[in-house]
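Spelled out from the first residue to the last, the chains are:
Number of protein chains: 6
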Amino acid sequence: MLTEPVTSLRFHRLLLTGAAGGLGRELRQRLKRYCDVLRLSDVAPLGEAAEGEELMSAPLQDKAAMQALLKDVDAVIHLGGVSTEQPWQPILEANIVGTYNLYEAARINGVKRVLFASSNHVCGFYKQSEVIGTDAPARPDGLYGLSKAFGEDVARLYHDRFGIETACVRIGSSFPEPRDRRMLASWMSYDDLERLVMAVLTTPVLGYSVIYGISDNKTRWYDNSGAAHVGYRPQDSSEPWRAALEAKQPKLDLNDPAVIYQGGAFVRTGPFDNNA
Amino acid sequence: MLTEPVTSLRFHRLLLTGAAGGLGRELRQRLKRYCDVLRLSDVAPLGEAAEGEELMSAPLQDKAAMQALLKDVDAVIHLGGVSTEQPWQPILEANIVGTYNLYEAARINGVKRVLFASSNHVCGFYKQSEVIGTDAPARPDGLYGLSKAFGEDVARLYHDRFGIETACVRIGSSFPEPRDRRMLASWMSYDDLERLVMAVLTTPVLGYSVIYGISDNKTRWYDNSGAAHVGYRPQDSSEPWRAALEAKQPKLDLNDPAVIYQGGAFVRTGPFDNNA
Amino acid sequence: MLTEPVTSLRFHRLLLTGAAGGLGRELRQRLKRYCDVLRLSDVAPLGEAAEGEELMSAPLQDKAAMQALLKDVDAVIHLGGVSTEQPWQPILEANIVGTYNLYEAARINGVKRVLFASSNHVCGFYKQSEVIGTDAPARPDGLYGLSKAFGEDVARLYHDRFGIETACVRIGSSFPEPRDRRMLASWMSYDDLERLVMAVLTTPVLGYSVIYGISDNKTRWYDNSGAAHVGYRPQDSSEPWRAALEAKQPKLDLNDPAVIYQGGAFVRTGPFDNNA
Amino acid sequence: MLTEPVTSLRFHRLLLTGAAGGLGRELRQRLKRYCDVLRLSDVAPLGEAAEGEELMSAPLQDKAAMQALLKDVDAVIHLGGVSTEQPWQPILEANIVGTYNLYEAARINGVKRVLFASSNHVCGFYKQSEVIGTDAPARPDGLYGLSKAFGEDVARLYHDRFGIETACVRIGSSFPEPRDRRMLASWMSYDDLERLVMAVLTTPVLGYSVIYGISDNKTRWYDNSGAAHVGYRPQDSSEPWRAALEAKQPKLDLNDPAVIYQGGAFVRTGPFDNNA
Amino acid sequence: MLTEPVTSLRFHRLLLTGAAGGLGRELRQRLKRYCDVLRLSDVAPLGEAAEGEELMSAPLQDKAAMQALLKDVDAVIHLGGVSTEQPWQPILEANIVGTYNLYEAARINGVKRVLFASSNHVCGFYKQSEVIGTDAPARPDGLYGLSKAFGEDVARLYHDRFGIETACVRIGSSFPEPRDRRMLASWMSYDDLERLVMAVLTTPVLGYSVIYGISDNKTRWYDNSGAAHVGYRPQDSSEPWRAALEAKQPKLDLNDPAVIYQGGAFVRTGPFDNNA
Amino acid sequence: MLTEPVTSLRFHRLLLTGAAGGLGRELRQRLKRYCDVLRLSDVAPLGEAAEGEELMSAPLQDKAAMQALLKDVDAVIHLGGVSTEQPWQPILEANIVGTYNLYEAARINGVKRVLFASSNHVCGFYKQSEVIGTDAPARPDGLYGLSKAFGEDVARLYHDRFGIETACVRIGSSFPEPRDRRMLASWMSYDDLERLVMAVLTTPVLGYSVIYGISDNKTRWYDNSGAAHVGYRPQDSSEPWRAALEAKQPKLDLNDPAVIYQGGAFVRTGPFDNNA
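Chains as they are written, first to last, in my numbering: chain A, 1262 to 1537; chain B, 1262 to 1537; chain C, 1262 to 1537; chain D, 1262 to 1537; chain E, 1262 to 1537; chain F, 1262 to 1537.
Calculated from the structure, these hints are not laboratory results.
One or more of the hints may lead you astray.
Which copy? The list can't say, so a pair holds if one copy fits it or any two copies do.
[What the hints assert, rightly or not] BS3-like, lysine-lysine: derived pairs with alpha carbons at most 27 angstroms apart:
{"no.": "1", "residue 1": "K1509", "residue 2": "K1293"}
{"no.": "2", "residue 1": "K1293", "residue 2": "K1512"}
{"no.": "3", "residue 1": "K1373", "residue 2": "K1512"}
{"no.": "4", "residue 1": "K1373", "residue 2": "K1324"}
{"no.": "5", "residue 1": "K1332", "residue 2": "K1512"}
{"no.": "6", "residue 1": "K1332", "residue 2": "K1373"}
{"no.": "7", "residue 1": "K1293", "residue 2": "K1332"}
{"no.": "8", "residue 1": "K1512", "residue 2": "K1388"}
{"no.": "9", "residue 1": "K1293", "residue 2": "K1479"}
{"no.": "10", "residue 1": "K1388", "residue 2": "K1324"}
{"no.": "11", "residue 1": "K1509", "residue 2": "K1373"}
{"no.": "12", "residue 1": "K1479", "residue 2": "K1373"}
{"no.": "13", "residue 1": "K1373", "residue 2": "K1388"}
{"no.": "14", "residue 1": "K1388", "residue 2": "K1479"}
{"no.": "15", "residue 1": "K1479", "residue 2": "K1509"}
{"no.": "16", "residue 1": "K1388", "residue 2": "K1509"}
The whole structure should be built from the sequences, with the hints applied where relevant.
Structural data, given as structure tokens:
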């Protein structure tokens, strides 16, 4: 069951990329309440178009397809691309070339507002005993985080030169519920995700902003006070799952980099080996 | 209907300047609950003195009158002076000469605490995509903001040299309700205004403090965490008016300086032309 | 009546030093809900051991006794030592030698997490018109505060060299209720104390952290946003006592160092005289 | 004997206000080497016009006269106004009204670069044991410092709104030689003054900048590293006078506010008394 | 004529990429004094190998070739890649894929120190009236700057995860002499370039560092005080060219973005048009 | 051969503690030029008193002896105590109890200025790839560093409460010449030591200051710009020894904590073992 609409502002056409992914499927149903047309894209199957939906398959690395995709769009929620640690080639194509293509397409089509789904893995090498703000420089924990750091810089460039506004949302862990003790800190509920997306789309002036995508969790590593102008106020918390998760993981190995650093297991996995 | 009194502390005599203005009339009824005598001044008519009220007409630029006005006063709520963008001469007289006269009168009469009604226009040239703290340097957006920046410096001087404590309250937009989308960020309810005024008057040690006068709005450009010692906790929000205001102004021109900067229309209006 | 347990995590053996003191007696009953064995130590009498309690009398300055005390302990809540301004000798023995002994014992016994009861008197020479963060350098207001600043540095050393995690909890004023207007800012309820202790013990990664021990008071001098990773969320406030305390102390002498500085009366009392 | 010209850039017409004052007379001879016409103004007599000089008597509080004064001027070196602690009225007229008039005249005449002679008394209430940067907020030590703080805010406003570039030069103590031990820190030689003035006039982009006017003294309270874009490199030092000045003032009273604070005697003198 | 060797430390084999470019040719002759073998690579012709030189042609986008290139190398001076604003495809291949390949090759071959030739265009959107430090976040001014920002993030990742040390040298304008007034601020002499390269190669601990590559120019936008551990002390200055350059460009258009921003003409040129 | 006297100011009686140590013997001959009487103390033999010298043997832990030692003294240069990593007991007695005794003696005898020989080991756990300022919080690397951090806090307390001025001089490595590559960064010549001591003694207002004791070395980890008010300008450098030291230590093990951290070997040695 969805939360109440959080704004009465309506858009004519919103574009949601990565619409077949986990968060994409969730936002697909939520966003249509705020626009006449919800354009959806992915390289994975998107099923049937519901009323008010437009489906387009546009590979991110295909410049022409991307330019077509952003035509007549009011704003973009860019979830598309690789969202886990993977080898360099798919990350290069989808996240690096793809994000460049997205912003070029936005520039050419005059699209002025983008929500860029960045990631906590942009700053995965900060410690779990640190609290970082919206001005924390990138410390990526792998190739995926590196590609998201690149995307934030692309957004910065297109803001400074072309006035395109972006919120780089460094998403923590957005799932139906938190899955381990790390997520007690990093979790964001789907309802809070919707609140955050709509805050980004409707705040009068967004500029170039960085904001962390987490719920109002009791334990936090992130401080969003530098992004108060975005107007995101989470209403959920990981607290109800605390007991169960603490029971499941009563002990943590404090010598494990996955426990020491905010990026969790990403800081020690990935496509790195000596025969790569 | 007024809120519950927020403190049981009582003053013998409080002075409210600018008592005939919009906020002045509102505070007139609220402050009398906290003092034996409420002295009111303005150059505009103040009507009849109610019980417990003293009316005095003291032009701010009249040094002698100001010294009489502050006699036997426990604390001052200084709303007096010009509160909109106007030509230089009235701003000079009321806000620059007037504020100097007020602090000289406080010094001579031994008055030790002042609430100085400063303004968001002291820092109107910060962007609506920025969040500024209580230490943000002045970036006035016109002559009015400039005069308020001057007032803050007067307060600083009289604190450092003579120990007079002041809260410079950078008031956002205090009206019965927010009037446009900008005020979703800058609005302060009258009840919160009262909370803020009484916090300033009753906090044990005020020193020289800057604090923003806004309600607990979802979208904000101001961060009051540096003024937590003042003890102001807003309880209202602009949120109930969001839908109506967004409906009235669904589109904003992001190239308009009045949208880009926090000062709103003040940043592009005022008594500046080439034949001035 | 105790609050609900705030975590389901259980420890085998917790050590509470200073268990016969004011906060110690309070925590004695609360902590036993979270562990199989609660080891208690003090130099003052501890009465009978209840079920699940172990009593040990270990003078802090006795190195061997301290090493025995920390044997087989999962974590330490170190309240032991002098907790008021006193002459140098007892402070030296209990707080300086004692804290060193405690950390040496932790190191030798492999104990990896400590709650160090630091104090607001570590930073007592900041002003009551200032708000300080968790990174505020020590400005001790007397020998007691000095010894707590030393303890924080010991904790830092043992973290950097040996990986022992500590929260230095700069406790404000933890009593059943606030006793004067200063405590409107500095007070911490016993329930919030329990919340804070358990947050420190159960947060996945603590590192070396400083956090202020106060409730969610309206007026505050401390900003805990730098310690959000600890997960302490106070639920109480000094507000219900405001009226009574303001009535008792309607006037404060703003020239009194005890009013000017956060340390209160500590800044002007203590074992300092010219024949010392 | 003058130093070598520090730039080969030439201006058609420079305006030097306050040309009859101490620094004005010094700059009068130095500046003419850099321009075709040096326009000089003061209310005090300026003697005969030398070749390449234009003399104009323009009271700063006379708006029309000021607008005439800035006609056809490439840049302004604004030394005019009161330069010592004085009663409010002359400071108001010359420094507050006068500086406003100057910037209005610059705006109307299209003059785009101003050197505003600010003062160390803008920040006279910092301590002599502190080092402050170019972003130090104003802490004026009297009415003179207050008026200079106002001037800095005027400059800020006219930069943000109208693109007029200003260097606010917080001049220390510019005399032929340092006169007391305080000036070992605050002194600026006349040659360094010239270097600073010409750096301000010729740096490609000045923006709104604050810079301290001191020589390369061994002891300093000011850090100009935030103004490196201005290109001022002092070449003199107070050091040669150290021995003589230390001999003259071997003891300083560390309880004297004039010794404690950077503003020196200004922090405790001025037109403040209880019968003012 | 070369400067005296700045260190007596010798390396067995250094790798210089981009050895056929402007800076590459300059460093080719200078670096051979510090190593037994100087390996040189470029895709452009490198001429004959002199004694002590090894020539290898390794396209940066060729992963296998890069892994061969870094074999048995003590340290890398990575000048290779595109060094001007160009279309996306060559920048993607040489600077993005190429830098990733370089660090992968370093990781696999156990090379532990890299000088990464970054650029002032990483932060080209700061203003010429600002001074930025070594912690200034990227504000790239075009695709070239964007690719260098990416390279800095790659270096950060390989430091945090694999301990490879890098100095990201944000090179200003390194030419035989400064060519325009902008370069009075941004110029670095070839002798200073050599000093900087050798400081980076020989400082005991480099970590992940950012440092600006400029000479000791009088006017500067960059503050290297955060990189004092690198030990770079420039000895040259753009000052001798000042008069000639100021004569050539006596007027600058302060409305031209190329004058306003540090990146110069890069901020308004490049491969951006609406039919791209 | 000594440097020229750096000031003509003279003191009646200076006290030098630790006068039999390495730096003590060096300063003994240098300081006598600046005072009528140089009082020297140590627990080790001091030889014969030269003209103008007073010898007193005062164990630092002997409160009464210390109070006698500071009688009729103008200022103290406190080098006394343990200056290497040692077991807890001697450090406790000489550096902790001793420094407390020294400041108590200063308070009782009205001595108002102290140079406290602190140490780089107060912040030994910062990295050699970091540059820290005079506000860097303590990160001691062992018991010696811990005791010096305590001494800095004692100095802070006696300044805030009793107005005693102190410079905490975090001495790097002061020897006739640098001994290894680490000392290229941390070395201070004896002439610079004298310059620093006399700057501390003669600067008009010292307050509570922290300053690093290093020469003008090319490679540095410390930034003294926050202490410019002290007036210390080093004139020596470790550079002349670079070649010899680099030849002696061409390779450093970057996995060795003694190379990684500023404290050098102190970070991994000392009286810590599991049977302590």
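Evaluation of the provided hints:
1. In the homo-oligomer, the alpha carbons of K1509 and K1293 lie at most 27 angstroms apart only across protomers (22 angstroms), although the nearest pairing inside one protomer, at 38 angstroms, exceeds that limit.
2. When the C-alpha separation of K1293 and K1512 is checked against a cutoff of 27 angstroms, the pair qualifies only between copies, where the shortest distance is 20 angstroms, while the shortest distance within a copy is 43 angstroms.
3. In the homo-oligomer, the alpha carbons of K1373 and K1512 lie at most 27 angstroms apart only across protomers (13 angstroms), although the nearest pairing inside one protomer, at 48 angstroms, exceeds that limit.
4. Taking the shortest Cα distances, K1373 and K1324 sit within 27 angstroms of each other inside one copy (18 angstroms), while across copies they are farther apart (37 angstroms).
5. For the identical chains of this complex, K1332 and K1512 are inter-copy neighbours only, at 20 angstroms across copies versus 52 angstroms inside a copy, given an alpha-carbon limit of 27 angstroms.
6. In this homomeric assembly, K1332 and K1373 come within 27 angstroms of each other (Cα to Cα) only inside a single copy, at 12 angstroms, whereas the closest approach across copies is 43 angstroms.
7. Taking identical chains as interchangeable, the C-alpha atoms of K1293 and K1332 lie at most 27 angstroms apart only when both belong to the same chain, with a minimum of 18 angstroms there against 55 angstroms between chains.
8. Taking the shortest Cα distances, K1512 and K1388 sit within 27 angstroms of each other inside one copy (18 angstroms), while across copies they are farther apart (31 angstroms).
9. Taking the shortest Cα distances, K1293 and K1479 sit within 27 angstroms of each other only across copies (23 angstroms), while inside one copy they are farther apart (32 angstroms).
10. Proximity of K1388 and K1324 under a CA criterion of 27 angstroms is satisfied in neither setting, with 38 angstroms inside one chain copy and 32 angstroms between copies.
11. For the identical chains of this complex, K1509 and K1373 are inter-copy neighbours only, at 21 angstroms across copies versus 45 angstroms inside a copy, given an alpha-carbon limit of 27 angstroms.
12. For a Cα distance limit of 27 angstroms, the shortest separation of K1479 from K1373 across copies, 23 angstroms, qualifies, whereas the shortest one inside one copy, 35 angstroms, does not.
13. Within a single copy, K1373 and K1388 get their C-alpha atoms only as close as 35 angstroms, which misses the 27 angstroms cut-off; across copies the closest is 17 angstroms, which meets it.
14. For a Cα distance limit of 27 angstroms, the shortest separation of K1388 from K1479 inside one copy, 17 angstroms, qualifies, whereas the shortest one across copies, 30 angstroms, does not.
15. For the homomeric pair K1479 and K1509, the shortest alpha-carbon distance inside one copy (19 angstroms) is at most 27 angstroms, but the shortest distance between copies (36 angstroms) is not.
16. In the homo-oligomer, the alpha carbons of K1388 and K1509 lie at most 27 angstroms apart inside one protomer (23 angstroms), although the nearest pairing across protomers, at 38 angstroms, exceeds that limit.
Checked against the numbered hints listed earlier, the structure breaks hint 10 alone; every other hint is satisfied.
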